[in-house]
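As you go down the protein sequences, you meet chains A and B in turn.
Convert by adding 52 to the 1-based position in the first sequence; the result is the number in this note's numbering.
Convert by adding 1359 to the 1-based position in the second sequence; the result is the number in this note's numbering.
The reader is advised that the hints may include incorrect statements.
Under the rule of at most 30 Å between Cα atoms (straight-line distance), these lysine-lysine pairs were calculated in the BS3-like manner [as the list claims (entries may be wrong)]:
#1 K162(A) - K213(A)
#2 K654(A) - K332(A)
#3 K1428(B) - K620(A)
#4 K1370(B) - K256(A)
#5 K483(A) - K1370(B)
#6 K654(A) - K483(A)
#7 K1370(B) - K251(A)
#8 K414(A) - K1428(B)
Hints were generated in silico from the structure; no laboratory data involved.
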Amino acid sequence: MDNPIIALVGNPNVGKSALFNVLTGARQKIGNYPGVTVERKAGKIILGDTQADLLDLPGAYSLDSTSLDEQVTRDVILGRQEGQARPDILAVVLDASNMESGLRFALEIKALNRPMILILNMSDLAERDGLELSSQYLIDQLGMPAIETVAVRRRGLDALKNACQKTLLNSQSSQNAVEAVDDDGLQAIISDSAREAYKAEANKLANGSIVRETLTREWTRNLDIILLHPVGGILILLAIMFLMFQAVYAWAGPPMDLIEAVFETAGGFVNGAMDDGFIKSFLVNGVIAGVGSVLVFLPQILILFFFILLLESTGYMTRAAFVMDRLMGLVGLSGHSFIPLLSSFACAIPGIMATRSISDQKDRLTTILIAPLMTCSARLPVYTMIIGAFIPPQNVGGGVGLQGLILFGLYIAGILGAMLAALLLRRSVTKGASAGFLMEMPRYQWPRSRDILIGLWQRAWVFLRRAGTIIFTATVVLWLLLTYPKVPINDPAYAGVSQVDYSIAGRIAGTIEPVVQPIGFNRDIALALIPAMAAREVAVAALATAYAIDGDNEDQVSWQLGERLAGKWSLATALAFLAWFVFAPQCISTIAVTRRETNGWKWPIFMLTYLFALAYVAAAATYWSAVAFGLG
Amino acid sequence: MHLDTLPLRQKMRISSIDWTQISDNEGRRLRALGIESGAIIEALHRGILFWRDPLAVRVGRMSIAMRSKTAAAIAIEAMLENDEDNVSHG
């Protein structure tokens, strides 16, 4: 028999995910509901000697859904979601210090007549707000279990599990299985008159459950006076973003050196321990040079995700949306788009998926189309390598490094490109009235190290899996294409012909070269661009493999890709290469997720076309300006 | 008087909302957040630079960000005598 299913339901920002994390621990599975890209988070929870499946449903305020997220929550609750059995228990999570809104939703759900448990989460925050609550009052009034929990401190979890066990036993013993609510039933629940009644009752219940209320502490409000300040708020947001990008450079140094040293040692070891031949070349030039050159960037990617997770879990992200709303309005978007776009700095895929919370379809489509312009972490390897090789690590004053400044400039270029694209899109293909901005801003919270660690681990795992699959495969295929056919060494006619020129890959790149030559790209870059369609990082791996193979003939094999590039490329070419990567849509996964999100090929093809055109123009402009300034 | 011109830190009562000025979708979201006739509302912060838009309001214990354009459709009046009891623990 299948495990019973318990679903966590509730408003956004009531700590559902934190509760889900402590209840399931590492036993989680994150995927998608079939047909929609709303994230499905499921895990196993141990109840005494039995197990149950725990679902973490997207946050919602009502069964009357306004976004894709809310729609999935409603359909799962009603047992209508394809590929998801109807939950046996609906565990409604409330923010103990702001119960009214949660109780309105809970009363709608109660009308469905399903086994139900109330969870008063974050009860410690309620205490700090000076509220003394009585869960017994809610138990008496609603006739269902009500448990106080503090997910962050693992408080109340045993009581919650006991309540789940009891509720399951009760529902199994009662013979009269409740019929699923039909459309008429649902309409009755979300009708104006019913909602009016729920509202009054929720107000009564929320007030009734408060035993005593002392003076509330207004620290969230006070913090908001600073962080939402008309001028200060913007400066603080800019400072946070600047700090984030400087940190990516400064903090990642030592761990990156370490990883580099490990691969260098491994390469040296294999080089010395094995006889020359196919296997050795494969290991040293293909695997170690290729994959190693990408893995080195794990620390930077984790630092970036660390900041994003931190901003999300403290509640600052919605403030950033508030501060940015008016500016986003200038290009026809709203603050809602800011959160998906900021996530896209880590990776466009979660960013594009996060657009599902935008309820206006045209706003959402525009956000999806410009998300790939946000500088994602996969570009970091490319940027870092080129900047490291061509930009001197000097200080431009005030502790700000030139390299970090250039990196910041690349991010700004992406942002400006995105804004320009949004402006044009909103006046052409996604024309329509402005959708407005309406969003709850949760209280500030101390970030929970456990949730951030779980989040970081998941990102690290995704990156390592990418390095192990997509990047590894692309690198190995490229290595094969670069290694064969071999230059006939004994034939004097081929003396001086390099292996890369003679190989299949070199010949393919040779045909593409004329197309990219006008924008300052050489044969090596043409070579790197093809496999980089799979993922941007592969460009680095491809260059590393190509130069490692050509380096075979040299006495001293340099492991530093940057040093080799600096000798081979002009500064104008390097800058054009950077400009290309600011705009080029080189990531198969992003195209795939766009296709899934927009239900067809029309928009992903549109996206590919306009981004490639933009990349070509930007690289050309950069190259020719640089040449004009004498940097060619 | 409408919500968009309400001075900060002053609790008022929503007297009516002109739903014709608000899209269906946004209207539903407003109701889901508890912004309806009779609700007690307070302006907390106004947005950035010279636009002073969007604004953050408090309803119950929630802080909600909305644009001035939406706020302009929300008419407000002085609180009634027994309103203080209905202000959800605020």
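List, from low to high, the hint numbers that the structure doesn't satisfy.
Checked against the structure, the hints that fail are numbers 2, 3 and 5, while the rest are satisfied.
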